[in-house]
Amino acid sequence: MALRILSLNVWGGKLHAPLIPYLVEANADVLCLQEVVRSPETTSDWLLYRDRDVELPQRANLFDEIRAALPDHDGYFCPTSRGELHDGNRMVHAEFGLATFVRKSLPVISQALTFVHGEFSPDGWGEHPRARNAHCLRIFDYEGGSSITIAQMHGLRAENGKGDTPERQAQADALVQLIGRVWPGNERLVVCGDFNLLPDSDTFTILGNLGLADLVTGRGHTDTRTSYYGKPGRFADYMLATPDVEVVGFDVVAQPEVSDHRALLLDLR
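Position one of the sequence shown corresponds to residue 1 (the UniProt record's numbering), numbered consecutively onward.
Be careful, since some hints might not be right.
[Unchecked claim] Heads up, simulated DMTMM-like pairs for lysine to aspartate or glutamate below, C-alpha to C-alpha not over 20 Å straight-line:
#	residue 1	residue 2
1	Lys104	Asp141
2	Lys14	Glu65
3	Lys231	Asp267
4	Lys162	Asp202
[Unchecked claim] Cβ-Cβ distance ranges computed for the label pairs, FRET-style:
#	residue 1	residue 2	range
5	Ser110	Arg219	25 to 33 Å
6	Ala213	Pro21	29 to 37 Å
7	Ala68	Ala213	31 to 39 Å
Because the hints were derived from the structure by calculation, they are not lab data.
The structure presented is a predicted model; accordingly, all values stated were derived computationally and were not measured.
Glycine is no exception: its CB is placed at the ideal position from the N, C-alpha and C atoms.
Work out the full structure: start from the sequences and follow the hints.
This is the structure in structure tokens:
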């Protein structure tokens, strides 16, 4: 059986109109999503995030909207923090983090979640660089009679760029430890997400010790951003696989544009 994995930083749902239909049409078995928002305190569609000179519309209950659009999937929401967003003239609490959706026909037989940088912040978004987490799960394919381990991470964002730092070294080590809690070591492994790193980062050497190789750079892709991202440095998102993953197809999706990040789409056996 072919398996489809999608990884995407959804940008808080800013491009909500094309985003939801794309997630449905992509028909992925596993969706690894970063920058997902949930705010049970409001029924408003939109909230506003403000931080110094940054203002960014956030879809108030993006997790619930994606879950409703994907009724054949189980959803796992993994927040890093709870802070305040603007709902008109009032402030409401919202959670921010990762979401993983898995087709219900593929049972999750093991999973683990941890912070790869910082810790959960219940009373605000936290100081920069803000906390980041990673989610790792193992699913079983009844038709194929085998299991696969999949991990996603949203890497820390540093104000001095995407170069290697001690914090990013620690982040990579924490990710490897998380994977080791779930992955038995003798089956297929896929790791993906918005790493906020350059392709020459030591993180890829560390992950390479698990047998992982990056499909983005390895297949000649040079851009994981869309036209909504105007800064230099077009790498942020990666998808890595072990040699036993039979890649049927892999794409860094240029169209439609549903975020300031491109979706990564892997078909495998």
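**Request:** Sort out which numbered hints this structure fails and list those numbers smallest first.
**Result:** 3
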